[in-house]
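Asks: Sequence:
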Amino acid sequence: MAFSPHVLPQSFLCIVSAVLIFFMGGCVGSKADAQEKNNPIQIKDTSQETEQSLPVLELTDLSDEAKSIYAILLCEQAFRNEDEGALIEATGILLELKAPVQTWMEVGLWLLERKSDNSVFFLEQAHTCWPQDTSLLMLYAEALKEKGALDEAIARVRKFIAKNPAPDAKLELATLLISKKKFGEAEALLRTITKQDRIPLVDMNLGKALAGLNRFEEAIPHFQRAHKGLPDHPEPLLELGKIYENLGQTANAIQTYENVLKTDFPSKSVLLKLINLSLQIKKPEKALRYLDEAPNDIPFRLIVADMFIDAKNYLQASNILRPIIEEPDAPVEAYLLLADLTWEHMRDLNAALDCLNKMPVQYQKSSTVLLLKVHLFARADKKKEAVLQALEGKRLFPDETKFWEAEARILTSEGKMTEALAVMRAAVKKWPNDMGMLFLMGNILDESGDKKAAFQLMEQIIERQPDNFQALNYVGYTLADADREIDRAIKLLERAIHLAPDRAYIVDSLAWAYFRAGRQNDALREIRRAVKLASKLDPAIWEHYGDIARRAGLVEESRDAYTKALEMEPENAEELRQKIAQ
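With the first letter of the sequence shown counted as 1, position 439 gets the number 439 in the numbering used here; the numbers rise by one all the way through.
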């Protein structure tokens, strides 16, 4: 007997209670009456309970029908009262009676929707009851995945498929493998599903697997077919939009995301994508039209204003922010952004500071405002005033590391290495377990010329925090650049890439390590990826590109890379000119 939340009327509960009494063999009276008749069922005193509460029974020899009704009543009452304990109490009876699959499914879905800690236990019992049911297996696997047991979920579904290679089970396993980033295995598994069983979700996941393998062009038709089969579902379009972005096909990406807006998918995230893409192709007016379609939501508009600032569309950003700060409850972020863009747009320090001075008094002494003042003075090349602001921040907010970092960075920019290191040594003494502080100190040691001490400090960071990708990158690149311990350098950098896959400077380090190891194809692949990951690159990355392409015999590609490095006016400009001439 299947059931759903809130489907049993109160009158029906009374009828079923009466039927339950009948199945128990007569009228249920007091505890004394039950004992006189040697009835093993004990009934809790319910005189103080609400009329919806059921007697809690110690069941020993009820008929199967009575147990079934009682279990369903317990479940129904649990739904009404949102009482998971009662559902778990009913689990044993559901298992004993081999309750229908639908009953297990409905309770399991309810627990999953609530993100309940009981969902895995309940669905494990369901799978035990119906071990060959694919739907229950899939739900159980999802519960395991939600609880962080992805490997166990994969193992359970693999075991099931070994005995029952149903298409739905294969699809579930492929979905789990994609979550595990095992894209090749997922693709191979999905291709074993026959054409007649290829529902749109198969195409969807094939597209994801191919995209994960960077086979973007192959992924496109799969997402298109998935969208055709699921026209009201936004996911195929969202995935397709990401593919077009990766391929640099901005116009196709915009058109795809516009189609997403026609579905029931929440529009804010899609509008943000459309605004960002429009700014990338330098069409701020189009971005503003998308903004007009968005609700008048201040946090949303602050994000958009920040996008316009990053795109250097300062006038439009100002037009977004100024109405916000006129609101009586304008957030502090609006004033901060307006001050920042005022400096970027006008290079007028006083005008930028005036934006901060207009904010409510309670905001003006906050650590965030004070820190922005530090940066504004520093960017205006008023380093002395910037340091004074940092010292004020250290005095007012002694437990905030950012003021110590800012002071050290400003002193470093002035070439005052001894003073900067003194600040960092004091900071490291105050926060000995702060790896960010240790890393900054290592960088300052490197800039001061004490590369040996910097390297040793970075090794200490890795020893204490093996997943610190910045320290891994420093040590790996240092070894590669010195052409020593190349195998270790590659391992460290591959670990750093795994932890931070899309940082251009780390990808460049790995490319350089491959280059030093003589792995030319790997080096070329990674350096090409590095230059696509950021619009603003260090000239050293372009120079590495030139060196790697040159060794591969790619003369034009090498010359173009050296030229881009030279355009950025690096310190070794003359050396680059010689490389281009050669």
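I should point out that these hints are in silico values taken from the structure, not numbers from a laboratory.
Mixed in with the good hints, there may be bad ones.
[What the hints assert, rightly or not] Below 20 Å or equal to it, Euclidean Cα-Cα: the simulated DMTMM-like pairs (lysine to aspartate or glutamate) are:
#  : residue 1 : residue 2
1  : 394       : 405
2  : 180       : 494
3  : 282       : 245
4  : 242       : 232
5  : 273       : 218
6  : 394       : 434
7  : 181       : 197
8  : 579       : 560
9  : 115       : 83
10 : 98        : 152
11 : 394       : 419
12 : 282       : 232
13 : 181       : 258
14 : 429       : 459
15 : 429       : 463
16 : 181       : 405
Asks: It remains to establish, for every hint, whether it holds in the given structure.
Replies: Status of each hint after checking the structure:
{"no.": "1", "hint": "394 to 405", "result": "holds (10 Å)"}
{"no.": "2", "hint": "180 to 494", "result": "holds (18 Å)"}
{"no.": "3", "hint": "282 to 245", "result": "holds (16 Å)"}
{"no.": "4", "hint": "242 to 232", "result": "holds (18 Å)"}
{"no.": "5", "hint": "273 to 218", "result": "violated (23 Å)"}
{"no.": "6", "hint": "394 to 434", "result": "holds (17 Å)"}
{"no.": "7", "hint": "181 to 197", "result": "violated (24 Å)"}
{"no.": "8", "hint": "579 to 560", "result": "holds (11 Å)"}
{"no.": "9", "hint": "115 to 83", "result": "holds (14 Å)"}
{"no.": "10", "hint": "98 to 152", "result": "violated (25 Å)"}
{"no.": "11", "hint": "394 to 419", "result": "holds (16 Å)"}
{"no.": "12", "hint": "282 to 232", "result": "violated (31 Å)"}
{"no.": "13", "hint": "181 to 258", "result": "violated (29 Å)"}
{"no.": "14", "hint": "429 to 459", "result": "holds (18 Å)"}
{"no.": "15", "hint": "429 to 463", "result": "holds (19 Å)"}
{"no.": "16", "hint": "181 to 405", "result": "violated (37 Å)"}
Hint violations for this structure: numbers 5, 7, 10, 12, 13, 16, all remaining hints satisfied.
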